[in-house]
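In order, the protein sequences belong to chains A and B.
So in my numbering, the last spot in the first sequence is 188, and the numbers never skip.
So in my numbering, the last spot in the second sequence is 361, and the numbers never skip.
Don't take each hint at face value.
In silico contact screen, one side only, chain B against chain A (beta carbon under 8 Å); selected entries [claimed, not checked]:
| id | residue |
| --- | --- |
| 1 | ASP17 |
| 2 | PHE20 |
| 3 | LEU25 |
| 4 | ALA45 |
| 5 | ILE47 |
Calculated from the structure, these hints are not laboratory results.
Note that the structure is predicted; figures quoted are calculated from it, not measured.
No residue lacks a Cβ here, since even glycine has one placed at the ideal position from N, Cα and C.
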Amino acid sequence: MAGLDVESNQADPGGSPSAEEVFEVLMRQNAGHLMAFIRAMVRNNALAEDVFQETFMVAWRRFEDFDRDRPFGPWLRGIAHRTALAMMRKTRKEFAVDTAVVDMIESHAARHERVSMSEASSVVEMLNECVGRLPDRYREVIEVLYRGRRSISEVAEATDAGPEAVKKRLQRARGMIAECLRMKGLLA
Amino acid sequence: MTDDATPRRGDAAEQADDRFVEALLEASKSEEAAAAEARIRRGMATIREVDPVAVVSSRRWWAVASGLGSIAAVMMLAVFLQTREVRADRIIARVLAAESAVTALRFDVRLEAHEGRPHPDLEGSIDLLARPGGYPLLRFEVDRPVGRSHAWGVDARGGWGRSHSGIVSRFARTEWSSRIMGDGLDLLVDAIPGLLDRVAEGYELTTEVDPAEAVVTLIAVRSEADDGSKSPNRIRIEIDPDTDEVRRLVLEWDQESDSVERGRRPSRSEGRLDRRRPDDDRSPAQFDRRPPPAGSSGGPDERRRRPPPGRSGPGRDSLVEEVIRAGSQGPARPPARIIFERVPASVFTPDDFVPTAVGDG
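Only chain A is shown next, with the shape it has when bound in the complex (with noise of 0.2 Å):
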């Protein structure tokens, strides 16, 4: 990160970037990691958003203690797990966790991060691959859940299944598919 200037925070006249543009910059990196390891974390999409929103804040704050010869990814998850929490107990959604189940979600996200920089295939392709190889049953409930924006009742109706055994179906599918993303090295 040459040309951080965290005091104050102004462009280098010869075109160093800012604190501001630097955090950027990493957050754009980092995003996407973030977001899944927020999401596991708190299983709901608008609290999620304001996980994500509030982990951003507090990182801006630090920004300046950062350790820069550390790796941000596992500094900004670890703002976002405590955030978490937090806003988890604030909003009386589930809160017990449990640390094992963290720390799995947190070798994934590193995982998800190091494949995001370095890798030759996209999390998004991997992800693909997996659901297309899934049989039929299962990667149907996927697509329509998941890509056809429709509901687990809507499922069930439209399939006459039931909405357990479309809970079933879609859980059993996710089994599948991260198995598949753990044979790509996607999942710890």
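Dock chain B against the given chain A, drawing on the hints supplied.
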């Protein structure tokens, strides 16, 4: 998120897998690209609002609105558009609202050199694709004159350059860059919302409405003409009033003498580059303030990967060296004019941004 059943086993790994895959599936939704961009813009707008050093007081309301996302902008427009007066800030808000949802862009591009310069005019095209969960992909192809054709881009593997002789080189650069070097000319490319945001600072804005041509033109003239900035002196943004999308964009630079340029542009040897000079009172939000390219200043890891000064990686040709050098040392001499003509963007796939190893020269 879906309200699926609790995982059958309480196993931590299984729960984590399930939660994380669900998060990835959420991120794969078609609307995620626009949402991700809005997330960043909202965050940046917020920190500029709360940070007293960031000169936020001069920011227009619509610059903040862009950070809050297109919905907020549209809601504000519903109030502001109750009069018939045409104002630049209102136009920009409308364009921001329209462009925020765009994920694929294609422009025909023409770069015109200043009179007397050795560079020929260049023509080509730029394709841009925003992707959910990944950095945007870019492809800049110069195809005229034929003897100087070359290309530069960012695909899923990172940055690449293709010289006019067809040599394809890769370099570690995966981040969106607002600046592209093309054959010695400086081409500034920005996502439309980012461009409009930058125009808000340091430019005097006026508007023209041509009902016959069905076009609204936003004219931005740089306020500080003598500050050494490499920002365009004038920007014309032609907007389709029906769709609020940018139809044509013209960036113009005044010609400067070499001696003036040398006097204005500090070199790396003139002192520390990580400190703002005490006598510099430039606005921190001028047009040419760009994110650092990831390959040159994106973090400690990127620093370690960068070859030492003066040592090229194997197989790199002069074009790629030019791109890398320009990314770390600032702009070269800008052209007289860059004209972007928007053309309908077909459906892009990531494969469209992979370099084609053809001998195109």
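Now the hints, each set against the structure:
Satisfaction of the interface hint for ASP17(B) is found here, the shortest Cβ-Cβ separation to chain A being roughly 4 Å, below the 8 Å cut-off. A distance limit of 8 Å between C-beta atoms decides the matter here; for PHE20(B) the minimum to chain A is near 4 Å, and the interface restraint holds. Contact between LEU25(B) and chain A, as hinted, is supported at the beta carbon level, the nearest pair being about 4 Å apart and thus within 8 Å. Taking 8 Å as the C-beta contact cut-off toward chain A, the hint placing ALA45(B) at the interface is violated, the least distance being around 10 Å.
Using the Cβ-Cβ criterion of 8 Å, the hint placing ILE47(B) at the interface with chain A is satisfied: the shortest such distance is roughly 5 Å.
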